[in-house]
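Protein chains in written order, with the numbering used here: chain A, 7 to 242; chain B, 7 to 242.
Watch out, some of these pointers could steer you wrong.
One copy or any two copies: either way a pair holds, since identical chains are not told apart in the list.
[As the list claims (entries may be wrong)] Lysine-lysine pairs mimicking DSBU-like chemistry, simulated, CA-CA at most 35 Å apart: (1) K60 / K142; (2) K142 / K20; (3) K20 / K60; (4) K20 / K124; (5) K25 / K60; (6) K124 / K54; (7) K20 / K46; (8) K46 / K124; (9) K20 / K54.
If you're looking for bench data, these hints aren't it; they were derived computationally from the structure. Because the structure is a prediction, the values reported are computed rather than measured.
There are 2 protein chains.
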Amino acid sequence: MVQHTVTSYDEELKGLASKVAEMGGIAESMVSNSVTSLVKLDSELAQKTIQADKRLDQLQAELEEQAVLIIARRQPVAQDLREIVAAMRISNDLERVGDLAKNIAKRVVAIDGGMSPKRFALGVEHMSELALQQLKSVLDAYAERDAEAAENVRIHDDEVDAIYTSIFRELLTYMMEDPRQISICAHLLFCAKNIERIGDHATNVAENVTYMVTGRQPQDERPKVDETGFLDGENA
Amino acid sequence: MVQHTVTSYDEELKGLASKVAEMGGIAESMVSNSVTSLVKLDSELAQKTIQADKRLDQLQAELEEQAVLIIARRQPVAQDLREIVAAMRISNDLERVGDLAKNIAKRVVAIDGGMSPKRFALGVEHMSELALQQLKSVLDAYAERDAEAAENVRIHDDEVDAIYTSIFRELLTYMMEDPRQISICAHLLFCAKNIERIGDHATNVAENVTYMVTGRQPQDERPKVDETGFLDGENA
């Protein structure tokens, strides 16, 4: 980063970065807790996850306000401006990750009292571990300003997508086998879709880390978002 | 709006607003076209909808860049700052509406060749008309700087949510009646969910219009996002 004569400017920029880091920590634990609460049908943990989302929303609003103030006051250019814009965009993605985790946690309330999702949720659990790993890696890449690590996250998004496609098919098979499983599997379909989208947001964050560090957007198109939209096979 | 001595500042602000209006027009027609392409299994229209999303993404990137430049150059306060921040937030919501419409259009490719969704899609079609009406009303409210009209959109979001809940149940019933309908109904479940979320984004836009015009965020909490997350009945 460029050295500034006014120390408090650096502190302002660091303040944004530490707010992103705090949001990242909350988003990570929300994703982890939401899936644990789903698999164990733990409604207390689900409620805790739903509550945590408020803090995330509040942090995003604060970050946006601070970012706008810094831009107006400091008229930043180049690297500093990219840093501020990236923080705004990344906080936006993290807030969306929180929404998706909250939505998974809300389904625990709907599933609770019905049959255990354990048998059907193995794939969702595995998928969430991978998405969470992507999220952790990209937040590390942000903290370290490491464009290479960010690019590594970006190119691995298709793994989460591939698992989603396989889970989609698997859940449809369970539904066809036994109509009593249709409701629980429909909820799990949405959970799987949410985790796939959490992976997409990790990819967005990766692109913004690259932009922040190098000033360039990644060249090639991102991997496709939802493979199931193009699968004729599953309609057979 | 406050009169500015430098005319080009006003022009810059108007430029942002007209970009939001352009994005709104594209988002509206994408929502309408995506649902038409779904109901009629019109893959040409679906492709057109998928293509339109690129323009929306591009407009959002341009708007963000212009907004940051204006903040840095003009150091706006009060009403002007709110106008710029609102334009950034609203363009973000409209870009998400485009993503959701694109996702619906993509499912046409998956469903095509299978059975016609017409019989099952009536509810989805009705729901989309309501969501589209919300979107149109809120874009008018933005153009007219009409906080009352915006509030009117915000308090009617629960109607879209209520239809979603009823469609969720209906589609699950179709699935239970005939396993051959499971795949198509699973796709329609996602389409219905996407439309519900389009309604949520219209509500977000409404909140930002209120903020822009009055400087206040709406007081009471927004209606709940997904009723099905709390319905025990559908797991019976």
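Hints, verified against the model:
no., hint, in the structure
1, K60 / K142, "both (21 Å within a copy, 29 Å between copies)"
2, K142 / K20, "within (20 Å within a copy, 41 Å between copies)"
3, K20 / K60, "both (23 Å within a copy, 34 Å between copies)"
4, K20 / K124, "neither (43 Å within a copy, 55 Å between copies)"
5, K25 / K60, "both (15 Å within a copy, 31 Å between copies)"
6, K124 / K54, "within (21 Å within a copy, 41 Å between copies)"
7, K20 / K46, "neither (39 Å within a copy, 53 Å between copies)"
8, K46 / K124, "within (7 Å within a copy, 38 Å between copies)"
9, K20 / K54, "within (29 Å within a copy, 44 Å between copies)"
Violation of the numbered hints given earlier is confined to hints 4, 7; the remaining hints are satisfied by the structure.
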